[in-house]
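4 protein chains.
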Amino acid sequence: MGKNKTELLSTEVRHLDIKKFDFVTLIDQMQDTAFQARNLARAAKIYEQMLTDQNCGVILCLAGSLVSAGLKKVILDLIDNNMVDAIVSTGANIVDQDFFEGLGFKHYQGSPHLDDTQLREMAIDRIYDTLIDEDQLRICDDTICQIADSLPPRAYSSREFISEMGKYLEKHGKNKDSIVLRAYQKSIPVFVPAFSDCSAGFGLVMHQVAKPDSHVSIDSVKDFRELTQLKIHAGDTGLLMIGGGVPKNFAQDVVVAAELLGAEVPMHKYAIQITVADERDGALSGSTLREACSWGKVSVVHEQMVFCEATIALPLIAGYAYGKGSWQSRQARSYSSLFTSKQRELA
Amino acid sequence: MGKNKTELLSTEVRHLDIKKFDFVTLIDQMQDTAFQARNLARAAKIYEQMLTDQNCGVILCLAGSLVSAGLKKVILDLIDNNMVDAIVSTGANIVDQDFFEGLGFKHYQGSPHLDDTQLREMAIDRIYDTLIDEDQLRICDDTICQIADSLPPRAYSSREFISEMGKYLEKHGKNKDSIVLRAYQKSIPVFVPAFSDCSAGFGLVMHQVAKPDSHVSIDSVKDFRELTQLKIHAGDTGLLMIGGGVPKNFAQDVVVAAELLGAEVPMHKYAIQITVADERDGALSGSTLREACSWGKVSVVHEQMVFCEATIALPLIAGYAYGKGSWQSRQARSYSSLFTSKQRELA
Amino acid sequence: MGKNKTELLSTEVRHLDIKKFDFVTLIDQMQDTAFQARNLARAAKIYEQMLTDQNCGVILCLAGSLVSAGLKKVILDLIDNNMVDAIVSTGANIVDQDFFEGLGFKHYQGSPHLDDTQLREMAIDRIYDTLIDEDQLRICDDTICQIADSLPPRAYSSREFISEMGKYLEKHGKNKDSIVLRAYQKSIPVFVPAFSDCSAGFGLVMHQVAKPDSHVSIDSVKDFRELTQLKIHAGDTGLLMIGGGVPKNFAQDVVVAAELLGAEVPMHKYAIQITVADERDGALSGSTLREACSWGKVSVVHEQMVFCEATIALPLIAGYAYGKGSWQSRQARSYSSLFTSKQRELA
Amino acid sequence: MGKNKTELLSTEVRHLDIKKFDFVTLIDQMQDTAFQARNLARAAKIYEQMLTDQNCGVILCLAGSLVSAGLKKVILDLIDNNMVDAIVSTGANIVDQDFFEGLGFKHYQGSPHLDDTQLREMAIDRIYDTLIDEDQLRICDDTICQIADSLPPRAYSSREFISEMGKYLEKHGKNKDSIVLRAYQKSIPVFVPAFSDCSAGFGLVMHQVAKPDSHVSIDSVKDFRELTQLKIHAGDTGLLMIGGGVPKNFAQDVVVAAELLGAEVPMHKYAIQITVADERDGALSGSTLREACSWGKVSVVHEQMVFCEATIALPLIAGYAYGKGSWQSRQARSYSSLFTSKQRELA
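Chains as they are written, first to last, in our numbering: chain A, 47 to 393; chain B, 47 to 393; chain C, 47 to 393; chain D, 47 to 393.
Note that these hints are calculated values from the structure, not bench results.
Treat the hints with care, as some may be off.
Given that identical chains are not distinguished, each listed pair holds provided it fits within a single copy or across any two copies.
Unchecked claim - Result set (SDA-like, lysine to any residue): computed pairs, CA atoms no more than 20 Å apart in a straight line: (1) K152 <-> G219; (2) K257 <-> T386; (3) K66 <-> L160; (4) K66 <-> G369; (5) K220 <-> I278; (6) K66 <-> L55; (7) K91 <-> W373; (8) K257 <-> R200.
These figures come from a predicted structure and were not determined experimentally.
Starting from the given sequences, assemble the full structure and let the hints guide the process.
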């Protein structure tokens, strides 16, 4: 490669801004074509329907490396403009990437053809064509440990802990463009059901090892309980899913969980998923939304899979919905408040 | 479809038995061909190397719907014959599918072309071409709830809870061919880092809602702590990964976690992954094992991706290693004992 | 389905117009993100480089069902604005879809979930989510037969025959938006190396069976000879490839063919490919452009694969190059004239 | 890389021998599992049905780099044991790979991670993880040119020319394990509808340029005519398709072509395809066999897609059919004789 660490980490990933284009005309035209362009247009229009449906809460599911890939501002625009009411994510997006950037760190443009053994020696971590300074990631781990150290020892949902991370960034953050921060400020709950499977896990392991007898623990059942409570409260819901994995499964499952608790809730009324996976391996990530209907999770009336990589598809879908402007008359749900005032009722 | 529930649920999925074939000759021949056959042969031989390496602990990672797809007996043969020392899995495999079968229930052969709305009305759940009786799945959820009800309220790792599930099956199970049961009996720890993201979540939510003040919680940090402890104890390790997702990430991450705790541990010395995902979307599931090297998780010396669906690839790889017979002189690690005797030392 | 043929064939596919949108800002922003958005931006910029390079002839390769999918106008804009100098395509795009539309027929929006047995009974042909009136396709076959009947019997290259199809449309066509027509009028040669593998094959088989002793034949060697001649004449060349298959292979191969004829020609200087295929099966369609370098066909300096379905990716790439406007000062190559005046020199 | 050409070309690809393994038990077990293992088993059984159906002619379609990947002996076993009656292929398999090996040359094991620029300098061509000596490939091109030089100048179908290649190998070949040779000897016609799109193209271009006024040409319409004639003669037919591309389309199309010529022929009664492509891009290679039914080409009663790379799937499917042994009572069709004796009747 012939480049040193400073040279390799010189070109930042910049976050795409959907507010600078007119995606409405483009999507309207794609609607009349075929294949994935038509699927993408159909998905964009279903998302727009979710936003115009006054009774519908919107749950955004995030899997894959979206924040490091330059999609953070897209997600921030959804948050800022009342286009999303709850978030279910992998830990990588929320902690390693978003909280990490909130601490003032950056992601850098690289190449999939770099020599990984040499990167290892330079303490540079690679995600496909994106590079991270591993030393900075260790600071992110440590910060999680510090936050845990500062909290009363008990079982937390990931949502509660992420809320604390938002509070931390409000005081100590160096970059206000953070999903964790902005969601905290707008009372949008963020769930990471596999919370220890990321930088948060490193920080919390250090915390628990240092405090063996009394420490913060993360109860993923509590997450499930809270998201179910949210579904019961919300009634009609729509899913905007980027990638599959745990967030997709978790968010779909709450319909069944609510039923088990005796609540009569509708299936997710709207559901769209952006993915490159397909159904052939029987795994959840590529399973069709029609299959989810057999499980009683998703209605088949307004569902659409879009087989396209997210860095291309999400800006177009989100940009269309932004451009249509119906978010302007949409109310913020502030679902986080559910878990302070009403938590005791259900729990 | 024109079939009723009994007709649709009439042909069982049966579990493939690798002990009935000579896969050694086949793999030896595939070794000299090309493309995925050669990759598969190379992976099989790396797995065999793990087993002959006396100092290497083998971690099996399971993602996707493997048990319902007829691969349970393959995994049981690995357990029974000291070919695997720890398991990291999605909840679906361990609870919804394996524990479910341990309770005496079955999976059924269906088709991806069935009408999901009609399946929903009959309470039949579909996974690609496989069918499940939803009423039986509710019994599985309830059983998890009962197990939780019977335990002292505190924070458990998923490993601890799954161990209790093994104990339950030993007493009340109706099918001895169970990964949960057999791993329990052989002291092989089973981790499910996103434990509430499956039938276990349903049972545990019911448990917690019924016992709001004092209940079992699942601390995923404790899982991470325990698996890290296992890595520190094991020294050299090899990963046999089916699919990607949380199990892949979680198992790879323990190398870094061990370093953060001050332990000097080697990267995973061997790593193979069976998947149909690819690297193009930057997501973890399809990320190359070389990329994992940049993160200091996996050595590039003995690594191999196999791009093939698991129902075809796993029997060939496992069957080859079984056929070679080096497991006959391999010692059981009984890693579960680490967490009873030595837990206090680290924790 | 419950719909009759008229109802099923009621909503036309409409062709997307790249001139209505500012793709330049979008691509410039995608350039600084990651994954396929960055690959797409890089490809768009390589295409723009081809157009600003005064010495570079641009060869467009078309595989997959692009015209029926609503991408015809994109391709027409490339033709009209001197953004492409030669075309190598599958027969489906040129005959079944473009010539078919030139005759006044349309493609219709459908769904991948329709019942194919019922479609068969109604004589409706399906391509994923697009529908075709089979009776109209038979008229297309017949027209090819009539054109063949009108020509002097001898061996033709596909280019020669397609040129005759352009002449036919000029006189008898009912829709001036046709690649075959417009390429004919602008002296842009169109090659279909597997010419009988489409509606043209049906028409020509009828022609030959009716005239067993003296008829038109299609010599694919002549195609290869002509495209090689074009490469020798053009010198520097760039490939804009949509999909893989025969067009990709054929266009790459001319570099080697030229060398075998004793001409010193450079490898293709620029090459981009839009595809969803990957390299794992060792097939040509997904083979990397770096692999093509080992064969001496493509330079690795300016090459980019974009892993995205073409209905989404092509408008963005073509729209960027259109928006940059360097085509305004670019000269038409009129390569078709090579084969009238200079043919004898080489042949 | 640090290796020279001799070192890089030192380990031969060896051809897998299906006769050494009991695939019947394996496939019977896969039949009761799920996902692609069950699809593969179903495909194997459909192929076996084709062979037991006394009235069914079997057409083998070959796309992708199968011969260089070590699958040649599998195909030879199908030929030798009356398990295939006609072949439709890409040129790469038949000329660059099989005829090439017939001349005594070999393919070598390499790696997808080699440096293509260095390979280019050493005149080594790469196909994923397989290497070819480019100097030997030039000899293959030249041999095609010599064969063309020796033939009376006229329009040939690819089948006729490939038959001449078989004759050549019978006299001058250095390796009797050749599809071209063995098919010639068994009167099994081999069609390559895009014949100039391979090493044959190079040789024939040299031939035509050297003999501008009177030369061999390859009429792909004649191929289509002949294959249609074969279909009319055969009546019931089954397709065993490896990969997609031109061979898949061409072989499917003959049903329609036969109808256009006034013959009443059944759709292909059986059809199986091994591929890693999927339907999402609307291209032919991954289009479902159900979609082909809407075109009137393939019956949906006995059809199966297998989503698996061919080096793994083909040995299992072919090995199962071989192991079942019904080929022992199957008659050779010797379809090549159709084109000598009966050609005039239709043409």
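A quick look at each hint next to the structure:
Taking the shortest Cα distances, K152 and G219 sit within 20 Å of each other inside one copy (13 Å), while across copies they are farther apart (52 Å). Proximity of K257 and T386 under a CA criterion of 20 Å is satisfied inter-copy only: 19 Å between copies versus 27 Å inside one chain copy. In this assembly of identical chains, the alpha carbons of K66 and L160 never lie at most 20 Å apart, being 33 Å within a copy and 39 Å across copies at closest. For the homomeric pair K66 and G369, the shortest alpha-carbon distances inside one copy (10 Å) and between copies (16 Å) are both at most 20 Å.
For the identical chains of this complex, K220 and I278 are neighbours neither inside a copy (37 Å) nor across copies (36 Å), given an alpha-carbon limit of 20 Å. For a Cα distance limit of 20 Å, the shortest separation of K66 from L55 qualifies neither inside one copy, at 27 Å, nor across copies, at 37 Å. In this assembly of identical chains, the alpha carbons of K91 and W373 lie at most 20 Å apart only when taken from the same copy (13 Å versus 34 Å across copies). In this homomeric assembly, K257 and R200 come within 20 Å of each other (Cα to Cα) both inside a single copy, at 12 Å, and across copies, at 16 Å.
When the structure is compared with the earlier hints, violations turn up for hints 3, 5, 6 and for no others.
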